[in-house]
Structure formats: structure tokens, C-alpha cells
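> Take a look at the letters that make up each chain.
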Amino acid sequence: MNETLAFILEWVIKGAVLIAILLTGFAYTTYFERRFLARIQIRVGPNRAGPFGLLQPVADGIKLIFKEEVEPAEAYRFAFLLAPVMTMVPAVVIMAVIPWGDKVVMFGREIALAVTDLNVGVLYLLSIASISVYGIVLAGWSSNNKYAMMGGIRSTAQMISYELALGLSFVPPILLAGSLSMSEIIQGQQSSAWYIVYAPLAAIVCFIALLAEVNRAPFDMVEAEQELVAGYVTEYSGMKFALFFMGEYIKMAAVSAIFATMFLGGFDGPGVDTYAWLGPIYLFLKIFGLLGLMIWIRATLPRLRYDRLMAFGWKVLIPIALLNVFITAALIVGLGI
Amino acid sequence: METEVIVFLILAFVAIGSAIGMIINKNAVYSALFLILNFATVAIFYLMLGAPFIAMAQVTVYAGAIMVLFLFVIMLLGAEQLKKADKGEWQKPVAILFVVVLIVEAVYLIFGGGGDLLPMINEVSEVGDPISLATKLFKEYFLPFQVTAVLLLAAMVGAIVITKQDKKS
Chain A
1 MNETLAFILE WVIKGAVLIA ILLTGFAYTT YFERRFLARI QIRVGPNRAG PFGLLQPVAD
61 GIKLIFKEEV EPAEAYRFAF LLAPVMTMVP AVVIMAVIPW GDKVVMFGRE IALAVTDLNV
121 GVLYLLSIAS ISVYGIVLAG WSSNNKYAMM GGIRSTAQMI SYELALGLSF VPPILLAGSL
181 SMSEIIQGQQ SSAWYIVYAP LAAIVCFIAL LAEVNRAPFD MVEAEQELVA GYVTEYSGMK
241 FALFFMGEYI KMAAVSAIFA TMFLGGFDGP GVDTYAWLGP IYLFLKIFGL LGLMIWIRAT
301 LPRLRYDRLM AFGWKVLIPI ALLNVFITAA LIVGLGI
Chain B
1 METEVIVFLI LAFVAIGSAI GMIINKNAVY SALFLILNFA TVAIFYLMLG APFIAMAQVT
61 VYAGAIMVLF LFVIMLLGAE QLKKADKGEW QKPVAILFVV VLIVEAVYLI FGGGGDLLPM
121 INEVSEVGDP ISLATKLFKE YFLPFQVTAV LLLAAMVGAI VITKQDKKS
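Each protein sequence line maps, in turn, to chains A and B. First residue of the first sequence? That's 1 in the working numbering, and the numbers climb one at a time after it. First residue of the second sequence? That's 1 in the working numbering, and the numbers climb one at a time after it.
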């Protein structure tokens, strides 16, 4: 019983730590994005609140809390309230299967640095990703606003289309590792090389699909102001809007972590075998780098037109990803990697 | 009581509640949401039976893909609100008949042939893990698996061909 209690306590603590990191990480991702974008566009960016503008996210948060919550009179109230929650929750729980490091010894117990290690970890990622569409669908419908509806439908169609390419791009790492478990995929990369070396095409497809999955530029149909005002968030204000915003940025961090785990060795790095605590640091650095790449892409590429976006997803990405599955399988059988 | 029984009872309550909610709700979108909740609880049942692969497939395919399309159709057709008088009076006796048959069957399985259920559960947990599932599908049932795949592909192409309008006319 004591052992069970310790086990439950361990889970709760790990979950709480993960959520705390994600929530503060979200705030500073927005800061990072604004500063980095400003640097690219030869501006200064937010630098007034606190040293180097470091308190800017706090100021934004306080402002959003005190804003008036407006609710459209004709909105479907329950779904309207449910939508931000349905966006936020999958964004947080998707990180549960990502390992942050190897085992460490703490308080006389051997603790694995991961919330959980499912033997179907990759499928868990895909199923949570497919669930996260509902927040957008509901927000678009329940606002009872044509722009919100159109924005919701557009981004939902985009997400379910790119999900297919995403799922297919996960297949080469699974084949190479011979397992659906995230920790075994990382072990496979530790014993050979990072899978971006073996499956560069899958890595590119995966990154593009992940960008589309989180509605980032150049796939940010949601923010096509000229066409859709603000898409499915048009009618949201105050904290409800903040929840959507939060969901989006946490998802950015989550997909960076997923990409790092599948293709960049996860927490792998020099010296991680001897010092297990280096694992989370390496993972953090990889996530940070990928977030920087996403912001860079946003600053560089213009938004795709909607029909081209769908054509690109269905006619380019999915065939490439499918072909790549065959190539990887043939290579594994032929060369015995 | 054991933890498993408590978890089962809570889940069963949610599953039945969401099923009833789906039927009696007047708004089609909320009905669809109840159905999603129902699928999610079924997925957790699979997890409890030690079949994580089937649970995840359930969430991805049913809750994630099929229900999104349901919601799309409901929203795009604007069919959220049910019209008042429905002419389906004949449905009632048929529905009652089916429900009675289902209950009789369930009662028989639980109290009469309950002994047969346990090996089934073992079978599920054996098949549930991805490696054994794949081994069964690709070795033992290879031909049926491939035939199913071709049939599904044909059905998919068929659906697209039927909906595609002839450009000449």
C-alpha cells in the first residue's frame, strides 16, 4: 500500500511539474516570439515591462484577466464555454508520453523522467491530436457568427487533412525502432543515429504537417484577417480568448517536443548516460531551437492560399509520406539497419 | 470494493448516461458530443481490459475522425434543431422489440453463459498489444486483411466517383 501511495504521489508530482512548466513556458514563448520577430523585422519589440521586457507576459496576463468577457447573445452557451477547454486540455495532456530523461535516483527511489511510458505512445499522440480538433469545431459553430464558422471549418479541414501525412511520417521512426513506445524510439536513436539521418524526408514531412497541425504560419488560415476577421476566435474575449492563445502556444511547444523525440533523439546528447539530469536540458534546448525555427518560418514565408494548402497536403505531402514508408521498409529489409 | 470495480461502475454510469443524453437531446450537435463522450468511455473500457492498442484506435478513428465528419455535416446542413412532429411513429414498437432482444441477450450472457466471458477477456488482452495484433493480422489472417483493405479502397474510390459531378453535362 505504501508503495502504491508513493507511486501515485510520484505521478501527481510529475504531472503537476509538467503542467507548471508548460504554463510558464507558454508565457515566455509569446515573449520569445515577439522579441525574435521584432529582431528579424529590425524593430525592438516589447522592452518596457521589467528588465528587457521580461515582465511583459505577466502584464499581458493581468490585462486579459481584467478584460470584460463578452458573449454573443445568440451563442450556444454550453458549447461556447466548452470550446476553450477542449482546445486547452489536449494541448497539455499530449506531452504526457514524452520522456524528458533517463531514470534518476531521488529520495531513495528510482524515478523515470517521464510522466508515463505507454507501449502505444505514438498512437496516443495521434489520438490526442485528432481529439484537439473539437475545440476549433465547437468554437466555430457555437459563436453563431459566419466568420467564426468559416474559420472553424477551414482550420478543421486543414487539421484532419494534415493529420494523415503526420501519421504516415511517424511510420519510419516506428519501423526503425521496431516499437510504438517513445522511450524505445529514443533508445533506438541512442544506439544508432538520430532518425533525421535515416529518414530525412519523413522528418521534413513531419515538420510541415506539425506546423499545419498547430495552425502556424504559413498555414495560419485562422489568422487570415483579410478574409476571416479572426476565424473561430472572433467572438471570444478576455480569459476565454487567453485559453485559445495558451492552447496554441502550448501546442507549439508540444509538437516541438514530439519532433525532437521522433527525429532528434529526444533527450539524447553527449554525456547523458553518466549525468541523467542533462536529459531534460538537452530536450529543452531542442524544443527551444525548434520554436525558434517556427518563428523564423513565420517571419519568412507568406501565408498559403487555402485551396493550395489543401492541394499541397493531399497531392504532395501524403504521396511523399506514403512513398517514404515503402523506401524505409525496403531499406530496413535490404540493408538490415 | 476493489478499485477496478469502482472505476468500472463510474465508467458504466458515464457510458449509459452519455448514451441516453445522446438520444434525448434535441440539439444534434450536443447529441454528437454525447456520442463522442460515449466513444471515449468505451476506449477506457478497452484500456481496463488491457488492450491499449484498440483503445487508441477507438479514439483516433471513431472519436477523432468519424465524429468530426458527423459534426461537419450537421453544422454545414444547419440541421442542429430537431423539427417538432416526426412522422416516425412506426419506429417505436420496432425499437422496443430490439431493446428487449438486446436486454435478453445481455442477461443471458451475464448470468447464463457468463463462464464463457472470461476467456474472451484473456483473448482481448492477448490480442490488444500491438505486436501480437500485428503478428495475427499479417501472418494468420493475411489474406482477409488484404481483401478488406482492397474492399475499403474500392468503397472509397466509389464514394468519390459518385459524388463527383460530370463536368460535361
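Since the hints were made in silico from the structure, they are not lab data. A quick note: this is a predicted structure, and the numbers were derived from the prediction, not measured. The C-beta atom is built at its ideal place from N, Cα and C for all residues, glycine as well. A few of these clues could be false.
Below, in silico cross-link-like pairs of lysine-lysine (DSS-like), each with a Cα-Cα straight-line distance of 27 Å or less [to be verified]:
(1) K26(B) x K146(A)
(2) K164(B) x K315(A)
(3) K67(A) x K146(A)
(4) K14(A) x K103(A)
(5) K92(B) x K26(B)
One side only, chain A facing chain B, incomplete, derived with CB under 7 Å [unchecked claim]:
(6) Y124
(7) S127
(8) V133
(9) L180
Ranges between beta-carbon positions, derived for each pair [unchecked claim]:
(10) L331(A) x I96(B): 56 to 62 Å
(11) A73(A) x L77(B): 44 to 50 Å
(12) I103(B) x R305(A): 23 to 29 Å
(13) I66(B) x K146(A): 44 to 50 Å
(14) K26(B) x K146(A): 19 to 25 Å
(15) A73(A) x V94(B): 38 to 44 Å
> If a hint holds in the structure, say so; if it does not, say that too.
Okay, the hints, checked on the actual structure:
no. : hint                          : verdict
1   : K26(B) x K146(A)              : 23 Å, holds
2   : K164(B) x K315(A)             : 17 Å, holds
3   : K67(A) x K146(A)              : 24 Å, holds
4   : K14(A) x K103(A)              : 13 Å, holds
5   : K92(B) x K26(B)               : 17 Å, holds
6   : Y124                          : 6 Å, holds
7   : S127                          : 4 Å, holds
8   : V133                          : 5 Å, holds
9   : L180                          : 5 Å, holds
10  : L331(A) x I96(B): 56 to 62 Å  : 60 Å, holds
11  : A73(A) x L77(B): 44 to 50 Å   : 24 Å, violated
12  : I103(B) x R305(A): 23 to 29 Å : 55 Å, violated
13  : I66(B) x K146(A): 44 to 50 Å  : 26 Å, violated
14  : K26(B) x K146(A): 19 to 25 Å  : 24 Å, holds
15  : A73(A) x V94(B): 38 to 44 Å   : 42 Å, holds
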